[in-house]
Every structure is written in structure tokens, then in C-alpha cells.
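Here the protein sequences come in this chain order: D and Y. Heads up, the first sequence is in numbering that gives the first Met the number 0, so the first residue is 0 and it goes up one at a time. Heads up, the second sequence is in numbering that gives the first Met the number 0, so the first residue is 0 and it goes up one at a time.
Since the hints were derived computationally from the structure, they do not count as laboratory data. Just so you know, even glycine gets a beta-carbon here, dropped at the ideal spot from N, CA and C. Hints may contain errors.
[What the hints assert, rightly or not] Below, simulated SDA-like cross-link-like pairs (lysine to any residue); rule was C-alpha separation at most 25 Å, straight line:
{"id": "1", "chain 1": "D", "residue 1": "LYS135", "chain 2": "Y", "residue 2": "ASP5"}
{"id": "2", "chain 1": "D", "residue 1": "LYS228", "chain 2": "D", "residue 2": "ASN256"}
{"id": "3", "chain 1": "D", "residue 1": "LYS135", "chain 2": "Y", "residue 2": "LEU9"}
[As the list claims (entries may be wrong)] Estimated spans, in silico, between C-beta atoms of each pair:
{"id": "4", "chain 1": "D", "residue 1": "ARG4", "chain 2": "Y", "residue 2": "ARG309", "range": "29 to 35 Å"}
{"id": "5", "chain 1": "Y", "residue 1": "TYR312", "chain 2": "D", "residue 2": "THR126", "range": "50 to 56 Å"}
{"id": "6", "chain 1": "D", "residue 1": "SER13", "chain 2": "Y", "residue 2": "THR24", "range": "34 to 40 Å"}
{"id": "7", "chain 1": "Y", "residue 1": "LYS135", "chain 2": "D", "residue 2": "SER13", "range": "25 to 31 Å"}
{"id": "8", "chain 1": "D", "residue 1": "GLU210", "chain 2": "Y", "residue 2": "ALA112", "range": "54 to 60 Å"}
{"id": "9", "chain 1": "D", "residue 1": "SER28", "chain 2": "Y", "residue 2": "THR316", "range": "48 to 54 Å"}
{"id": "10", "chain 1": "Y", "residue 1": "GLY331", "chain 2": "D", "residue 2": "SER99", "range": "37 to 43 Å"}
{"id": "11", "chain 1": "Y", "residue 1": "ARG309", "chain 2": "D", "residue 2": "THR2", "range": "36 to 42 Å"}
Below are the chains, spelled out letter by letter.
There are 2 protein chains.
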Amino acid sequence: MATIRDVAQLAGVSTATVSHVLNGTRVVSDVARDRVLEAMEELHYQPNAVARSLRVSATLTIGLIVPDVEIPFFARVAHCMEIAANEAGYSIILCNSDWSFKQELRYLDNLVARRVDGLICISLLLTAEHIAPLLKRNIPVVWFEQKRSGRLIDSVIIDNFKGAYQATLHLITQGHRRIGCITGLSHSLLSIDRLAGYRQALQEHGIAFDEQLICSGDYTPPTGLSGAKQLLNLSEPPTAIFAYNDMMALGAMQAINERGLRVPDDVAVIGFDGIALTEHTCPPLSTVEQPIPEMSKITMNMLLDRINNRAPYESRTVVVEPHLICRSSTLGFTATTQQRRSNSSLEVALV
Amino acid sequence: MATIRDVAQLAGVSTATVSHVLNGTRVVSDVARDRVLEAMEELHYQPNAVARSLRVSATLTIGLIVPDVEIPFFARVAHCMEIAANEAGYSIILCNSDWSFKQELRYLDNLVARRVDGLICISLLLTAEHIAPLLKRNIPVVWFEQKRSGRLIDSVIIDNFKGAYQATLHLITQGHRRIGCITGLSHSLLSIDRLAGYRQALQEHGIAFDEQLICSGDYTPPTGLSGAKQLLNLSEPPTAIFAYNDMMALGAMQAINERGLRVPDDVAVIGFDGIALTEHTCPPLSTVEQPIPEMSKITMNMLLDRINNRAPYESRTVVVEPHLICRSSTLGFTATTQQRRSNSSLEVALV
DNA sequence: CCACTGTACGTAATCGTTTACCTCTGAACG
DNA sequence: CGTTCAGAGGTAAACGATTACGTACAGTGG
Numbered sequence: 000m001a002t003i004r005d006v007a008q009l010a011g012v013s014t015a016t017v018s019h020v021l022n023g024t025r026v027v028s029d030v031a032r033d034r035v036l037e038a039m040e041e042l043h044y045q046p047n048a049v050a051r052s053l054r055v056s057a058t059l060t061i062g063l064i065v066p067d068v069e070i071p072f073f074a075r076v077a078h079c080m081e082i083a084a085n086e087a088g089y090s091i092i093l094c095n096s097d098w099s100f101k102q103e104l105r106y107l108d109n110l111v112a113r114r115v116d117g118l119i120c121i122s123l124l125l126t127a128e129h130i131a132p133l134l135k136r137n138i139p140v141v142w143f144e145q146k147r148s149g150r151l152i153d154s155v156i157i158d159n160f161k162g163a164y165q166a167t168l169h170l171i172t173q174g175h176r177r178i179g180c181i182t183g184l185s186h187s188l189l190s191i192d193r194l195a196g197y198r199q200a201l202q203e204h205g206i207a208f209d210e211q212l213i214c215s216g217d218y219t220p221p222t223g224l225s226g227a228k229q230l231l232n233l234s235e236p237p238t239a240i241f242a243y244n245d246m247m248a249l250g251a252m253q254a255i256n257e258r259g260l261r262v263p264d265d266v267a268v269i270g271f272d273g274i275a276l277t278e279h280t281c282p283p284l285s286t287v288e289q290p291i292p293e294m295s296k297i298t299m300n301m302l303l304d305r306i307n308n309r310a311p312y313e314s315r316t317v318v319v320e321p322h323l324i325c326r327s328s329t330l331g332f333t334a335t336t337q338q339r340r341s342n343s344s345l346e347v348a349l350v
Numbered sequence: 000m001a002t003i004r005d006v007a008q009l010a011g012v013s014t015a016t017v018s019h020v021l022n023g024t025r026v027v028s029d030v031a032r033d034r035v036l037e038a039m040e041e042l043h044y045q046p047n048a049v050a051r052s053l054r055v056s057a058t059l060t061i062g063l064i065v066p067d068v069e070i071p072f073f074a075r076v077a078h079c080m081e082i083a084a085n086e087a088g089y090s091i092i093l094c095n096s097d098w099s100f101k102q103e104l105r106y107l108d109n110l111v112a113r114r115v116d117g118l119i120c121i122s123l124l125l126t127a128e129h130i131a132p133l134l135k136r137n138i139p140v141v142w143f144e145q146k147r148s149g150r151l152i153d154s155v156i157i158d159n160f161k162g163a164y165q166a167t168l169h170l171i172t173q174g175h176r177r178i179g180c181i182t183g184l185s186h187s188l189l190s191i192d193r194l195a196g197y198r199q200a201l202q203e204h205g206i207a208f209d210e211q212l213i214c215s216g217d218y219t220p221p222t223g224l225s226g227a228k229q230l231l232n233l234s235e236p237p238t239a240i241f242a243y244n245d246m247m248a249l250g251a252m253q254a255i256n257e258r259g260l261r262v263p264d265d266v267a268v269i270g271f272d273g274i275a276l277t278e279h280t281c282p283p284l285s286t287v288e289q290p291i292p293e294m295s296k297i298t299m300n301m302l303l304d305r306i307n308n309r310a311p312y313e314s315r316t317v318v319v320e321p322h323l324i325c326r327s328s329t330l331g332f333t334a335t336t337q338q339r340r341s342n343s344s345l346e347v348a349l350v
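Using the sequences provided together with the hints, build the complete structure.
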């Protein structure tokens with residue numbers, strides 16, 4: 000493969016001149032520039048980014064650790080981060096941890112070895128302690144979705160309290176008083192905030208908190224399904240369910256359907272995250288959207304600020320506003336649901 | 000950051016010895032090895048992969064070009080490829096082309112500049128001509144999902160003919176004679192093969208091919224929805240729909256629901272790809288699964304064979320067997336659908 | 001005519017590894 | 001005792017860029 004030396008030789012100039020033509024880092028006469036460009040063309044010269052990286056100690060590469068890119072929420076994050084990175088000239092090394100702590104540690108090592116310029120991390124298990132070696136080596140890190148303490152570690156998160164509050168309030172506004180909640184793993188800050196939002200909305204409307212209406216899942220459809228089943232088995236089952244993410248909401252809808260009940264007529268369902276899919280479920284799913292493109296841009300900018308030493312010394316946390324999206328899964332009396340309601344009352348009559 | 004020289008100095012040996020300890024490339028006495036390992040430990044030495052790459056002209060990096068990782072099928076591919084790559088010690092640079100030809104070309108340039116060791120490519124637009132520069136530079140390429148002609152370009156694809164044949168046959172076996180088909184963009188080889196499979200199944204069962212029952216989509220739910228609407232508007236609408244992917248099948252189910260019809264009682268639906276989500280739709284969606292983990296492993300092995308010059312000169316194409324998965328969206332008379340059938344006959348009576 | 005300035009470009013060290021060649025030492029052997 | 005050989009490990013030249021310095025030359029002002 001042609002090197003900068005080959006180009007220099009063919010153009011009859013030094014490698015310095017070629018490099019400066021390439022990067023626009025110093026004035027080059029038109030004559031010389033043209034000869035260099037011609038030589039590049041002729042040799043199909045493609046600069047070696049590896050050599051460049053070694054010399055300038057910057058790889059224009061960012062590591063992205065996500066639990067599993069097959070989960071739509073993370074896929075969206077990966078996509079938006081990639082776009083944001085590209086805009087700044089960076090590439091993304093994708094790391095699926097598969098929820099494994101060991102795997103995460105392996106990735107951290109690998110990314111350090113590869114001398115990534117920064118890291119974006121979505122992880123439940125890693126803490127500031129594990130990230131310390133990166134920071135010591137001057138590789139900045141931004142947490143996404145989950146906040147972590149620790150100086151110099153920035154985070155971007157959604158306002159979980161407000162999101163849960165909005166979702167619950169919406170259900171209350173629709174006339175529901177018994178609202179089930181399918182939570183995530185309970186020890187995380189995210190879960191604590193969302194539960195607080197849920198309780199706040201209930202309290203403001205004089206609805207007593209009922210422990211029985213809370214069950215926990217792991218963000219996958221099957222646990223949404225089993226959780227909803229459990230809720231529907233209660234002597235006084237809920238008329239609405241708020242799930243901590245859309246996938247569990249999907250499972251909940253499945254459970255409701257399997258019971259021969261209807262969404263939203265018998266049980267309303269609302270999710271969280273706002274993955275694209277929610278538009279296309281039957282019925283379309285209400286949800287609390289996380290504005291991932293915006294969050295990704297913010298994340299990337301924070302990271303770039305650190306990479307370019309433009310950031311303040313202290314860690315920053317940006318909290319982003321969630322957006323409530325109301326669809327048929329919580330809204331009564333659309334054409335379809337009306338028709339269904341009449342069916343279901345017939346059903347009742349027949350039983 | 001500590002370098003190999005620092006380690007050598009601290010251990011009182013040469014950099015050659017440190018390197019050989021690191022890579023196990025020649026015998027080192029126990030005494031020296033221990034001193035080196037100790038020094039590494041003490042300095043928190045982490046070898047610089049960039050420098051190594053420059054020296055050995057290998058980056059242990061593979062480029063992956065996909066249209067959009069937010070589409071579940073591609074997300075699964077990305078995940079499985081990443082696992083396969085990791086097993087062989089490679090990392091993945093993720094490239095979302097967003098279906099843009101320009102973007103794809105940009106990525107090709109960037110990946111060459113980064114000196115990736117190989118490329119896995121899912122693209123409708125790129126052809127052998129665009130890949131030629133990579134091959135000339137000795138960067139092997141494997142096509143996934145879409146075959147391309149050209150020496151030295153390997154491909155891994157599903158047996159599209161057989162998949163479509165199986166899907167159609169399954170619907171026929173369930174008693175359907177009018178089977179709608181929502182196809183992809185018609186010029187691709189994939190589409191041609193699937194249509195042939197569909198027609199073959201019809202023909203074998205004495206069902207005339209009806210042009211009216213074919214409409215085309217772009218693999219997104221909205222076109223599945225509009226396609227299905229169009230089919231349902233026919234004077235003699237289909238009783239079953241075969242969509243070229245699961246996302247369009249999802250849209251088709253939505254259209255059917257919006258009509259107040261039921262899946263599968265009024266119209267059966269089957270998709271293609273076998274994305275995880277199909278298990279959790281209402282009702283669960285029948286589909287023709289592409290065994291992506293297996294296909295990814297094959298793809299990666301083909302690529303590694305080329306990288307290590309272990310491959311024959313000619314291009315190879317591996318055609319993988321699809322797996323039919325039958326779920327409630329095509330199977331009648333489950334407990335739930337029975338109940339629904341009685342409802343829908345009531346409905347008819349009431350109209 | 002000299003000193004100075006600005007323009008254009010070249011020289012060569014450097015980034016952190018790997019690895020082809022050497023060198024050294026001590027043991028074995030005839 | 002000289003030769004050979006194996007074992008252990010060192011030296012230094014790459015890999016392909018960037019960039020701090022240096023140099024040559026033309027123009028300008030005093």
C-alpha cells in the first residue's frame with residue numbers, strides 16, 4: 000500500500016509537505032500542492048490512520064459499552080451515538096456486555112489497549128472504581144442512563160421521577176384508581192426515582208399506595224408477562240399497568256390478551272422509553288419517551304469536552320426531560336375500542 | 000502511560016524480552032519472566048495496540064456496515080457478529096449507513112484508513128465495483144444477506160426460495176387459498192427468490208397466481224400496514240398474508256386490527272426473519288427464522304479464512320437453511336382464537 | 001550593500017511495538 | 001583442548017505518520 004513517502008517521492012517533495020497538504024497545517028505553494036494531489040490520486044494513496052494515531056496519541060475512536068444491542072432501547076442509543084460520533088469525526092467500537100460483569104471488565108481492558116479517546120458506558124454493574132484506571136490514563140467516561148458518583152465521571156440521564164409521575168398521572172386522569180406497576184431491579188437509583196414518581200402522583204390524588212400492586216421484572220417481555228399475570232390474579236386487580244419499560248409493557252399486554260381481556264378497555268397499559276415499536280403494537284402503546292437523539296448529542300458533547308480538556312474539573316450530570324406519548328393503549332373510546340367494548344360487553348352477557 | 004521501555008528498564012531486561020514475555024514468542028527464563036511480570040504489574044502496564052498494529056499491519060478490527068442497527072434484524076446481526084468476532088479476538092467498528100449510498104462510501108474510505116482487517120457488509124446499494132479498492136488493498140469482504148457477484152467476494156445468505164416456499168406452504172396447509180404477499184423492493188435477488196418460492200408453493204397446490212395479491216413494501220411497519228390495507232380492499236381479499244419481513248407483518252396485523260378483523264381468524268399472517276419480538280406480539284407471529292447466530296459464525300469464519308490467507312481463490316457462497324416457526328398468527332383453534340371466532344361470528348350475525 | 005523578514009519547504013526525531021540478527025555463556029564431545 | 005551447539009537475551013531497524021527545527025531564497029528598508 001502506498002505510503003506518504005511514496006507520494007512525496009513521486010511528487011518530488013518531502014513527506015512534510017505531503018503531510019501538510021493532507022492536513023492543511025501550513026502554507027504550501029499551489030504548484031507543490033497540485034503535484035502532491037496528483038501523486039496521491041495516481042497511487043490511490045489512503046493515509047494510514049494507525050500510524051497517525053500512534054504519532055498524535057489520538058485514535059478518533061470511542062468505545063460504547065451497552066448490555067445488549069438487540070434490546071431496542073440500546074439499539075437506538077447505539078445508532079444515535081454513532082451518528083453523533085460521526086459528526087465529530089469519531090468512530091464507535093461496539094461492545095455488548097451481555098449483562099456480564101466479567102465481559103465488561105474485559106472490554107474496559109481492550110478499550111484501554113486500543114487507546115480509545117473516550118468511553119460511553121451503560122452498565123448496572125460497573126462503578127467508579129472500575130473506571131478509575133481509564134481516568135488515570137486520561138480516557139474520559141460518560142455514564143448513560145444510570146448515574147454514578149465519582150469525580151470526573153459525567154452522566155446523562157432522564158428525569159425518572161418526572162417520567163414515572165407523568166405516566167401515573169396520565170392513567171389517573173383517564174379515571175384509573177388501581178394502578179399496577181411493573182418495576183425494574185429495585186436497588187438501582189433509576190428504580191427508586193421512578194417509584195417515587197409513581198407514589199407522588201398517587202398521593203396527590205388521594206390514592207393509597209398498595210404494596211400488592213408492585214411487582215418487579217428484569218426489563219424483558221417474559222417478566223412483563225409474568226408480572227402482569229400476578230397483578231391480574233389479585234382479588235382486586237388493577238385497571239391499569241405502568242411498566243418500567245416498553246418491553247415489559249409488551250409482555251403485560253400479552254398477559255392481558257391471554258386472559259381474554261382487552262387493552263385498554265379492561266386494563267390500560269403504559270410503558271417507558273418510547274421505542275419505535277410502540278407505534279406498531281396492537282393497540283399502539285402509550286409510553287414515556289426518552290429523547291435519545293438529544294441525549295446522545297449531549298453525551299457526545301460532554302465526552303468531547305473532556306477529550307479536548309474543555310470541561311470543568313467537577314463531574315456534571317445532565318437530566319433530560321421525558322415526553323409523555325399517549326396512544327390507544329391508555330386512551331378509551333377510539334373507534335376501534337368502542338367497537339371492542341361492545342363486543343366485550345356481549346361476551347360478558349354470554350358468560 | 001508506561002511503555003514497554005519503562006517495563007524493560009524496571010525489570011532490567013531489554014524490550015525484546017518484555018515483548019516475548021508478552022506474546023510468548025520465545026523462551027524466557029523463569030527469573031526474567033517473573034521480573035518482567037512484576038514490573039508490568041507495578042507500572043500498570045497496558046500494551047499499546049495502536050503501536051502493535053502499526054508494526055504488524057493488523058488491527059484485530061473488523062468493520063460492520065449495516066443499514067440501521069435499530070431494525071431488530073440488523074441489531075441481531077450486529078450482536079451475533081460481535082460475539083463471533085470477540086471469540087477470535089477481534090473488535091467491531093459499527094457503521095450505520097442509514098440506507099445512504101454516500102454514507103456507505105464514506106464508511107468504506109474510513110475503514111480502509113483505519114486499516115480494518117476485514118469487512119462485513121449488508122447493503123443493497125454497494126456492488127463489487129465499490130469493494131474493489133478494499134480487495135486490492137487485501138482487505139477481505141463478506142456480503143451478508145444479499146449475494147453479489149465478483150471474484151473473491153464471499154457471501155452468506157438464507158435460502159430465500161425455500162423460506163418463502165415453507166411460509167406459503169404452511170398457509171396452504173392451514174386451508175388458505177387466497178394468500179397475499181407483501182414483498183420487498185422488487186429488483187433485488189432476494190425478492191426474486193422469495194417470489195419464486197411463493198409461486199412454486201401455489202402452483203404445486205393448483206392455486207393460480209394472482210398479481211393483485213402482490214404488493215411491495217420497504218421492510219418498515221408502515222408499508223406493511225398500507226400494503227395490507229390495499230390487500231384487504233380487494234373485492235376478493237386474501238385470508239392470509241405473507242410478509243417479506245417481520246416488521247411489515249407487524250404493520251399488516253395492525254391494519255387487520257384496525258379493520259376490526261382478527262388474526263388469525265379472519266386473516267392469518269406470517270413474517271420472515273424470526274426477530275425476538277415475534278414471540279411477544281398479540282397474537283404471537285409465525286415467521287421464517289434466519290438462524291443469525293449460526294450465519295454470523297459462518298460469516299466470521301469465512302472472513303478469518305481470507306484474513307489468514309486460508310481461503311481458496313474463488314468466491315464462496317454459503318446458503319443457510321431457514322426454519323419455519325408456527326405461532327398463533329397462523330394457527331387456528333387455540334383456546335383464545337376459538338373464543339374470538341365465536342365472537343366474530345356473533346359480530347357477523349349482528350351486522 | 002547589509003540586515004532583516006517572510007515565504008516555502010526539507011531533515012530527521014519521534015510515537016511504542018515487533019522481530020531479524022547478533023552475542024555471550026557454558027556444556028558436551030571427540 | 002578446540003569445536004559445536006543450545007539456551008538466553010540484547011541491539012536496532014522497521015512500521016507510517018507528524019512536527020520541531022533548520023535552511024534557502026527573494027524582497028525590502030535604511
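Does the Cβ pair Y:TYR312, D:THR126 satisfy 50 to 56 Å?
-> Check passed, 52 Å falls within 50 to 56 Å.
Do Y:GLY331 and D:SER99 keep their Cβ atoms within the hinted range of 37 to 43 Å?
-> 42 Å, holds
Do the alpha carbons of D:LYS135 and Y:ASP5 lie within 25 Å of each other, as the hint requires?
-> 17 Å, holds
For the range 25 to 31 Å, tell me whether the beta carbons of Y:LYS135 and D:SER13 fit it or not.
-> Between Y:LYS135 and D:SER13, where Cβ atoms are some 27 Å apart, the hint holds.
Quickly compare the C-alpha distance for D:LYS135 and Y:LEU9 to 25 Å and report which way the hint goes.
-> Within the cut-off at roughly 21 Å; holds.
Falls inside 54 to 60 Å, the C-beta gap from D:GLU210 to Y:ALA112?
-> At 58 Å between Cβs, range holds.
When you take the CB atoms of D:ARG4 and Y:ARG309, is the distance between them in 29 to 35 Å?
-> 32 Å, holds
Measuring from beta carbon to beta carbon, are Y:ARG309 and D:THR2 in 36 to 42 Å?
-> Roughly 28 Å apart at Cβ, these two residues miss the hinted range, so it is violated.
Taking only the CA atoms, is the gap from D:LYS228 to D:ASN256 under or equal to 25 Å?
-> 11 Å, holds
Lying within 48 to 54 Å: is that true of the beta-carbon distance D:SER28 to Y:THR316?
-> 52 Å, holds
Verdict for D:SER13, Y:THR24 (Cβ pair) under range 34 to 40 Å | Roughly 36 Å apart at Cβ, these two residues keep to the hinted range, so it holds.
Of the numbered hints stated above, the single one contradicted by the structure is hint 11.
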